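Asks: Single-letter residue listing:
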Amino acid sequence: MREPARLRRGNWARTETYLDWNATTPLRPAAAAAMTAIFTRCGNPSSVHRWGRAARHAVENARSAVGALVSAPPESVIFVSGGTEANHLALLGSGRDRVLVSAVEHDSVLRAVPEAERIPVDRDGVVELEMLDRLLAADPRPALVSVMLANNETGVLQPVAAIAAIARAHGALLHCDAVQAAGKIAVDVHAIGADLVTLSAHKLGGPPGTGALVVAGELELTPLLRGGGQERSRRAGTENLAGIAGFAAAAVAAAEEIAVYDRIRRLRDALEASVVAVAPEAVILGAAATRLSNTAAIAMPGVAAETQVIALDLDGVMVSAGAACSSGKVGPSHVLEAMGLAPDLVGSTIRVSLGWDSSEADVADFLKAWTALYRRCRGSSAGARAA
Amino acid sequence: MSSSAAAVPAHRREADLGNAMPIYLDNQSSTRLDPRVLEAMLPYFAEQFGNPHSTSHAYGRIAAEAVEQARREVAGLVNADPRELVFTSGATEANNLAIKGAAHFARLYPHRGQPRDHIVTLTTEHKCVLESCAQLEREGFAVTCLPVEPNGLVSLDRLAEALGERTLLVSVMAAHNEIGVVQPLAGIGALCRSKGVLFHSDAAQAFGKIALDVEAMRIDLLSISGHKVYGPKGIGVLYVRRRPRVRLLPLIDGGGQERGLRSGTLPTPLCVGIGQAAAIAAAEMTDEAVRLRRLRDRLQTGLARCVPGLRLNGDLEHRLPGSLNFCFPGITALELIEACPGIAVSTGSACTSASVEPSYVLRALGLSEADANSGIRIGLGRFTTSEEVDFAIDALADAAGRLADQASVAGQGRGPI
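Chains as they are written, first to last, in the numbering used here: chain A, 14 to 400; chain B, 4 to 420.
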């Protein structure tokens, strides 16, 4: 087959500035190479003939690589269609009657168990440990606690190891949605003490449509999808072979290049410092907490987030007003509301997220567009006040 | 960035097998990705990598438009409205969503207080349908698994008898993954509609191979797979009728994508892939069916000439163009497969072929355990050539002859009983 030259990222037109890496990332070249190798072959990993065995081999190699990303053994990795499915499998499959989730979880956690009890967070978006302890102590039923490692909207990291210790003291299981954290910071399943960890490929340079639930220890899971005996009967359906191979290659590359986030942190910090220098009333949300190095949640008080995002888009700068989920969804972010922020601040916050390829030029493009927008808005509001 | 050291050597090792790989005649378990599908997908892996739900910016909107174009292509091939399609991770998920989703909705919101808690399916359905039904049975639903006729087809009379006041849904596979038979979909659909029963059909094997029309066949829920039709793995579609509206509870909730029926970031390149696969099938299906039927006949007559007692499983007339399933008398399928390393065929469904149990599908046709153990599934596909078919005839006939000789020698060796 012809070499698919276009399956190499990095040459897309640089007329636009992509700063929405928490929504999705471009495919890493290593992932593209691994997938190209698979796409030109056929075979179902469950088939016993040679094509099938070769496919099985690729899946099992990938399982080791994905496990290694979070220091987990291969057999603990269940491949699924993405983070949303993994979160459902964890929350619905654990068999625990009682589920507690932090108030800043992703919708795929919150909606998996709508009746789950909410653990409050402080103004920086960090789970209140004492409240968790009190909630767990209040009800003796075996519980599952679900707390994300890094928040998708603010980048705020949760003290998951401390949460795990509290959960364990009460006999509760801990699920950790590490979709945004994995590949950006080192994640060790045992160090964080989680029983279940959710991973997504397309947030770390793998393809969309693939994710994993990592199950530490011997935990029986009730499957969400039933059928053939794939994934040791924990997840039926023919494995997304190319996606899984791409996920693995991306995981390996992400782990090797994790130091790039030191550079990203400097870029992000410079971006935030410039924003505040231009607009003293601008607020960086979660700034007092430990955060991912790539995420900035920036409020421009008085200017609706939607207005900002549209204006920036017109200038070729792509950011978001929060999670990229149901299209056209407007409404205040539950994450920012849970942090107790004033509605004015909640409604005027945009998310700027960087990635391994982000450059000073990207930051400069953003600052230029953002500053122009800010001046326009301030000018018009100053004008309105004057009038 | 060429540093995926841990993953790459293994792939390279596999690539080295290249020339030695057997001729692929297992197109029911999975198909090779059509190069034209790959070509269509590539830009969305690479430069157009936006999240289709990030509609506030250009990359997101480009991805979203590609997804909607794909939705139109798939819808067109089954005469559906694009808004009736829900992208899933594959046919297994689509089947789980259709069956459990309809059942759970009906339990939560009984129509006019009339409980509908009975599901009818066939004993020969795919595991993911049977397992979904079994789960519902554990939850208190009633499930009837109807037997099929010896030719693998459902009897409409028997089906009509099985439908009662409380029947919610009938699930019948459009074309069978092991024996290739095509069920009388229009007849089933008309029957279900007349009784106010939902008709779900698992069309993982049929989509893109034979004509499907959700209107003419009165299908309410239709499951589609990407990788069975020369598209990518990891993507499928569930068609959900809008008029009269079929209501489901989602299996996977969250961001509210796919009209709330299936949350999770849509994998744009995979959506584009199944869309392109549908577009190619729409253009080529008719001619391709003629070509495949000719190859299939060539294989069947060639084998029948060389293998005495060869028996075809499943109805010959109502059958997918590329699908065959034979019993080689007195030889187990596993022996035969081992004796034919040059071709890749299977004993049945890939999902269960690692197990040593005889095919439950062949048993359901009334075959003895020994006969069921001798069943071989052969799947011809878009990239199968007549030379490959001839090679397969020779390889299978040769191996069958040798194995039969060995068996008779061994039988003589045992002496009179």
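Calculated from the structure, these hints are not laboratory results. Here the structure is a predicted model, which means the values were calculated and not measured. We treat Cβ as the ideally placed atom computed from N, Cα and C, and that holds for glycine. A couple of the hints might just be wrong.
Stated by the list, open to error - Partner residues aside, some chain A positions facing chain B, computed with beta carbon under 10 Å:
{"#": "1", "residue": "E29"}
{"#": "2", "residue": "E98"}
{"#": "3", "residue": "P172"}
{"#": "4", "residue": "A174"}
{"#": "5", "residue": "A199"}
{"#": "6", "residue": "H203"}
{"#": "7", "residue": "T223"}
{"#": "8", "residue": "A229"}
{"#": "9", "residue": "R247"}
{"#": "10", "residue": "L325"}
{"#": "11", "residue": "V332"}
Asks: Now, for every hint given, state plainly whether the structure supports it.
Replies: Now for the hints, and whether the structure bears them out:
Hint status for E29/A: holds, given a least beta-carbon distance of 6 Å to chain B, under 10 Å. Given the 10 Å rule on beta carbons, the hint for E98/A holds: about 6 Å separates it from the nearest Cβ of chain B. Checking P172/A against chain B by beta carbon gives a least distance of about 25 Å; that is not within 10 Å, so the hint is violated. Against a cut-off of 10 Å between C-beta atoms, the interface hint on A174/A is violated, since the closest Cβ of chain B lies about 26 Å away.
Checking A199/A against chain B by beta carbon gives a least distance of about 16 Å; that is not within 10 Å, so the hint is violated. Among the interface hints, the one on H203/A is violated; its C-beta lies about 20 Å from the nearest C-beta in chain B, farther than the 10 Å criterion. A cut of 10 Å between beta carbons decides the hint on T223/A: the least distance to chain B is about 7 Å, and the hint holds. The closest approach between the C-beta of A229/A and any C-beta of chain B is roughly 21 Å, which is over the 10 Å cut-off, so the hint fails.
Of the supplied interface hints, the one on R247/A is violated, with its beta-carbon coming no nearer than about 13 Å to a beta-carbon of chain B, more than 10 Å. Given the 10 Å rule on beta carbons, the hint for L325/A holds: about 8 Å separates it from the nearest Cβ of chain B. Contact between V332/A and chain B, as hinted, is supported at the beta carbon level, the nearest pair being about 7 Å apart and thus within 10 Å.
Comparing the model with each earlier hint shows violations of hints 3, 4, 5, 6, 8 and 9; every other hint is respected.
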